[in-house]
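Novice: Residue numbers (the numbering used here), protein chains in the order written: chain A, 1308 to 1632; chain B, 1308 to 1632; chain C, 1308 to 1632; chain D, 1308 to 1632.
Treat the hints as calculated values from the structure; they're not laboratory data.
One or more hints might be untrue.
If several chains are the same, the list does not tell them apart, and a pair holds so long as it fits within one copy or across any two.
Said to hold, decoys possible - With a straight-line cut-off of 20 Å between C-alpha atoms, the simulated SDA-like cross-links for lysine to any residue are:
{"no.": "1", "residue 1": "1497", "residue 2": "1464"}
{"no.": "2", "residue 1": "1392", "residue 2": "1370"}
{"no.": "3", "residue 1": "1337", "residue 2": "1628"}
{"no.": "4", "residue 1": "1574", "residue 2": "1494"}
{"no.": "5", "residue 1": "1374", "residue 2": "1330"}
{"no.": "6", "residue 1": "1586", "residue 2": "1566"}
{"no.": "7", "residue 1": "1366", "residue 2": "1606"}
{"no.": "8", "residue 1": "1374", "residue 2": "1601"}
{"no.": "9", "residue 1": "1586", "residue 2": "1575"}
{"no.": "10", "residue 1": "1366", "residue 2": "1458"}
{"no.": "11", "residue 1": "1584", "residue 2": "1357"}
{"no.": "12", "residue 1": "1338", "residue 2": "1419"}
{"no.": "13", "residue 1": "1389", "residue 2": "1566"}
{"no.": "14", "residue 1": "1392", "residue 2": "1586"}
{"no.": "15", "residue 1": "1574", "residue 2": "1600"}
{"no.": "16", "residue 1": "1374", "residue 2": "1335"}
{"no.": "17", "residue 1": "1488", "residue 2": "1357"}
{"no.": "18", "residue 1": "1337", "residue 2": "1583"}
Model, not experiment: these values are computed from the prediction.
The primary structure of each chain is shown beneath.
There are 4 protein chains.
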Amino acid sequence: MFENKKSNDNEINQFNFRTDLATERRDLYKKANSVENEIDGIESTKEEIDENISVEKVKITNEQGEKAIGKPIGNYITIDVKKLKIAQEEEIQKASEVLSNELRNIISQHIAQQDEIIVLGLGNIYVTPDSLGPKVINEIDVTRHLLNYAPEYLEEGTRSVSAIAPGVLGTTGIETVEILKGIVENTHPKLVIVIDALASRSIERISSTVQISDTGIIPGGGVGNARAEISENTLGIPVIAIGIPTVVETAVLVNDSLDLFIEKLQKEAKSNDYLNKLKDEDNYEEIKEALIPQDYNLIVTPKEIDDLIENMKDIVARGINFAIN
Amino acid sequence: MFENKKSNDNEINQFNFRTDLATERRDLYKKANSVENEIDGIESTKEEIDENISVEKVKITNEQGEKAIGKPIGNYITIDVKKLKIAQEEEIQKASEVLSNELRNIISQHIAQQDEIIVLGLGNIYVTPDSLGPKVINEIDVTRHLLNYAPEYLEEGTRSVSAIAPGVLGTTGIETVEILKGIVENTHPKLVIVIDALASRSIERISSTVQISDTGIIPGGGVGNARAEISENTLGIPVIAIGIPTVVETAVLVNDSLDLFIEKLQKEAKSNDYLNKLKDEDNYEEIKEALIPQDYNLIVTPKEIDDLIENMKDIVARGINFAIN
Amino acid sequence: MFENKKSNDNEINQFNFRTDLATERRDLYKKANSVENEIDGIESTKEEIDENISVEKVKITNEQGEKAIGKPIGNYITIDVKKLKIAQEEEIQKASEVLSNELRNIISQHIAQQDEIIVLGLGNIYVTPDSLGPKVINEIDVTRHLLNYAPEYLEEGTRSVSAIAPGVLGTTGIETVEILKGIVENTHPKLVIVIDALASRSIERISSTVQISDTGIIPGGGVGNARAEISENTLGIPVIAIGIPTVVETAVLVNDSLDLFIEKLQKEAKSNDYLNKLKDEDNYEEIKEALIPQDYNLIVTPKEIDDLIENMKDIVARGINFAIN
Amino acid sequence: MFENKKSNDNEINQFNFRTDLATERRDLYKKANSVENEIDGIESTKEEIDENISVEKVKITNEQGEKAIGKPIGNYITIDVKKLKIAQEEEIQKASEVLSNELRNIISQHIAQQDEIIVLGLGNIYVTPDSLGPKVINEIDVTRHLLNYAPEYLEEGTRSVSAIAPGVLGTTGIETVEILKGIVENTHPKLVIVIDALASRSIERISSTVQISDTGIIPGGGVGNARAEISENTLGIPVIAIGIPTVVETAVLVNDSLDLFIEKLQKEAKSNDYLNKLKDEDNYEEIKEALIPQDYNLIVTPKEIDDLIENMKDIVARGINFAIN
């Protein structure tokens, strides 16, 4: 389940970001266009919660900002959790509270206190790096069936919550949005929260970063396929996406590592004009071409992915449960 | 996901069968009503395929048969596989071929060669005895997305197959039929195959028996809830159910064991009138009442359930794939 | 991994207890021998910690007590946790603290503050009802390798802890004690803590009761096999066993359910002399014989075993970590 | 569990191979030293079994060969299986037969027909990329306990086979060789087969290549630690290693990708002297230094690792079972 580049990339946005994180796109755009200050149509703030957790908010406010970084107008909140693979209970709880606060805030901008919510977990339970969505769904405190069949066991004013992990296109044969549309028509929720895997530029962010946005997503299976979009456009209700990078493409990894390598040569005065130029350019496409003849451009994930997914699952599930119940 | 007793049990059908297997119900009815020959409105045949595999077909042909055993008019095919927990590849393959033949036959009575099929796996992947449905879905050869996006990779005349394991009411908050209805409306299959867990009277049948029927099912969550039925009534297309017993209720186990115990006392001339009468009666309700004050009437499953599920998954998945592709 | 009946059952101990819990054996002995007060050589106390957790301590003080219930002289502490399958974090933490206190106390009776400990998890990770031991081992905070290779990262006075889950006889071909003996000879721990599955009379106790004892165990594979014993006799160092019932034999379940059933008939004045006598006797052997011709005497486990094991794993792992580090 | 470079790297062997595959080391040595033909002390042959499977045998025959590639005198057989992640049953069976033949051949050079064998699976069942060893062990047909307790069920002349997956240093606190030594002393096998994860230069080889060797291994935990070696030296019996690459270090990936990238620039006449020189050198150490300040030099694995491990497990388990039973 990997969000794809919008096809409406325009002349300003000449390069391919290869990341779904608004904050990385903003940085890449500024670097590529030598912009010093904030881009027109984009506002952002950054806050360090503690030594391991930071929150960055990027707000795209107009069409100019939208064009610059190829993301729709809306809110993009990135929570980074350092050293997640060795995180203890206390840090996981802290991170889930940060997520919960941001989520509660963004939900309240779209629906009322008791409006029905459905949580959608994208991904494949049988592929470890892609199993976060279904694992979170298993931990969501659903109430919809109890409100229908046994309301006496619930407190007055309990919000109706349902949750589903429908599987991926490759194992169902059905676009997720086709499944979801029917459910929305039959069960009438007011808002969708979708948990999705993202592409990131940075392997450090694998299963350690969460991006909350309110602009919907396009799952991986739906390349160039408008029908696959999961958004207010296709569903008629607001969609809040919780996206987590879980894999990285080899060419992205090599491209970024090459920059770090040249940077090191520069510091040691061992670089030269050619390399300096190489660093300023984006060599992704050429690296990709160099790798692909060898069938070498794999999608990779860190060895510790099992533990990362386990800890991130706790953060996201608690974050959602606390925000919506 | 346990199919429930039809509420239309009538005066003839006074006792509760506590089994979803038509063959067990037929036997119980004949015993309770001292019927020697076949019941009016019920036809059946039995075939031993080899020393471990047998197939029994029960056909309910009229309302009389329907009333007798509380199952709708239709076909009920039971495949028993002995010693499944230690079955080798060869026996699993054999059993899957038997299943496949029966399935192909029953499907051809309802739809044409290339008509679209959706396979539905009920159950909860995180509860071992209830995980068969989702595990089978993961092995179904789906083609629908390829027919839509890459038909050039498929042979001419490939049937469109999709598959979904939507989860259980307790973790989704949504009745399975509500999920399925939307999918059927959006994707237009001509037939549903549903994999479901059944109740059986016999612990020997746990994950060792498959019942194929063409009359739909009511999942466990929907007690007394007509909306929960998964059938041609609710979906508008035929539903073929593949049901597998995976658990047993303690009271059923004790009731049946008590009969075996008294039988043994009788053989040894150690029984008496009271016990003889006890054996002829159905003591399920009283045993249940005796157990419940202690919270003792659990649902149990054999220790080897992991291996049983694994082997049965192979039989059912291969059986379906071979029958429909 | 099921502890077996000692072969030295003597004339006093005529019946087979079919439980490894000292507290159940004591009750059975008292009932069978119509003993009103405490048995000679056996002392016991019971404490309710809160509404869900209780602790019972049985101490066998002399050979008379040993003969009565067929368990060696020593301490047997039973912790019962009610409603474990729906336990929340708080109750799991509470139960782990109770376990930890008892464990710390019993360990201190055998070794000094910093003496090396090895934790041994019996069972098979691939068989859900038998997977508790290996799952606990994965959570034990081991320090032995750090003390050897990187002591600078540990606090002064850290105890050396190692842990192993060697697998079961059926998958290794080697008696656990043969594996353990070599490790003890090569690594020189001063005490073994072994996590083991027990037989219990009560299905209510499945994965809800913990028995701590300091008298060693005999794993399931070693029927009538003295070499298989894991105890101070075979290893030369004290062995503390943490045993948890995880399965029940059908004949035991039926035998006990039959008693509950007759009890109910008695209350309703529907019993008779024969049944009253039946209840006073132990019908296990006859029930077993009645069931076995049908290959019906399975080992069963509750449907919720996945969740029970998960919660019990947390209690035992935390209990051990807190007691020994 | 990653085999480490022998510490006896000498002046000839100046660079670090960063691979445990003899065939990759031979190629690297030849390239670095501009050797055209075979290296003195090294013989090799290569055979294409079919379009997907090839076998390469490297034999180190004297100290000269040993020094050249830093591997002890002995046999190194590499089986490559292309497209393993999408392999069907037929190809898996074929690959397992190739492995089986090579294994049977190499075993027969060390022990007699019925001599006892112990199979050792290194790795951690809870870390997907490191779970191959334990998963293979679960499928080994062990006979030792049956030969001891129930020989009547076995054919005359059955070899005694045992198997163990002891876990990793980080979860046991004990070096694998310390565990194994005790078992060997107590059970007296004549040969060890050890399944181990290897380092490779090529991400294409992840879980797609098997190296059989008869010279023992050093598990990952034992860096610079002679005691950790699992070999005839430490155990007194021959050790046959079956090694499978399952992860790759980012710096290795980047180093090799950089070469491919420069090669592409060269072909397009876009390279320069500096880059050409860069390509001829080994930049691993500098790349590593460039990456490490960012904590960027992770160990990565392909996204499809679950399926790769599953298929490779079948190949290795069947290969061993067929070779030794």
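Novice: Against this structure, judge whether each hint is valid.
Specialist: Tested hints:
Taking the shortest Cα distances, residue 1497 and residue 1464 sit within 20 Å of each other inside one copy (16 Å), while across copies they are farther apart (41 Å). For a Cα distance limit of 20 Å, the shortest separation of residue 1392 from residue 1370 qualifies neither inside one copy, at 38 Å, nor across copies, at 44 Å. For a Cα distance limit of 20 Å, the shortest separation of residue 1337 from residue 1628 qualifies neither inside one copy, at 37 Å, nor across copies, at 51 Å. Taking the shortest Cα distances, residue 1574 and residue 1494 never come within 20 Å of each other, neither inside one copy (60 Å) nor across copies (50 Å).
Only within a single protomer do residue 1374 and residue 1330 lie at most 20 Å apart by alpha-carbon distance; the minimum there is 15 Å, versus 51 Å between protomers. For the homomeric pair residue 1586 and residue 1566, the shortest alpha-carbon distances inside one copy (5 Å) and between copies (16 Å) are both at most 20 Å. For a Cα distance limit of 20 Å, the shortest separation of residue 1366 from residue 1606 qualifies neither inside one copy, at 30 Å, nor across copies, at 35 Å. Taking the shortest alpha-carbon separations for residue 1374 and residue 1601, neither the intra-copy value of 35 Å nor the inter-copy value of 31 Å comes in at or below 20 Å.
For the homomeric pair residue 1586 and residue 1575, the shortest alpha-carbon distances inside one copy (15 Å) and between copies (19 Å) are both at most 20 Å. In this assembly of identical chains, the alpha carbons of residue 1366 and residue 1458 never lie at most 20 Å apart, being 40 Å within a copy and 42 Å across copies at closest. Within a single copy, residue 1584 and residue 1357 get their C-alpha atoms no closer than 38 Å, and across copies no closer than 46 Å, so neither meets the 20 Å cut-off. Proximity of residue 1338 to residue 1419 under the C-alpha cut-off of 20 Å is found in neither arrangement, the shortest distances being 40 Å within a copy and 60 Å between copies.
In this assembly of identical chains, residue 1389 and residue 1566 lie within 20 Å of each other by CA distance neither inside one copy nor across copies; the values are 22 Å within and 32 Å between. In this assembly of identical chains, the alpha carbons of residue 1392 and residue 1586 never lie at most 20 Å apart, being 31 Å within a copy and 35 Å across copies at closest. Only between protomers do residue 1574 and residue 1600 lie at most 20 Å apart by alpha-carbon distance; the minimum there is 14 Å, versus 33 Å within a single protomer. Proximity of residue 1374 and residue 1335 under a CA criterion of 20 Å is satisfied intra-copy only: 14 Å inside one chain copy versus 48 Å between copies.
Taking the shortest alpha-carbon separations for residue 1488 and residue 1357, neither the intra-copy value of 40 Å nor the inter-copy value of 48 Å comes in at or below 20 Å. With identical chains, the CA atoms of residue 1337 and residue 1583 are at most 20 Å apart within one copy only, with a shortest distance of 18 Å there and 32 Å across copies.
Checked against the numbered hints above, the structure violates hints 2, 3, 4, 7, 8, 10, 11, 12, 13, 14 and 17; every other hint is satisfied.
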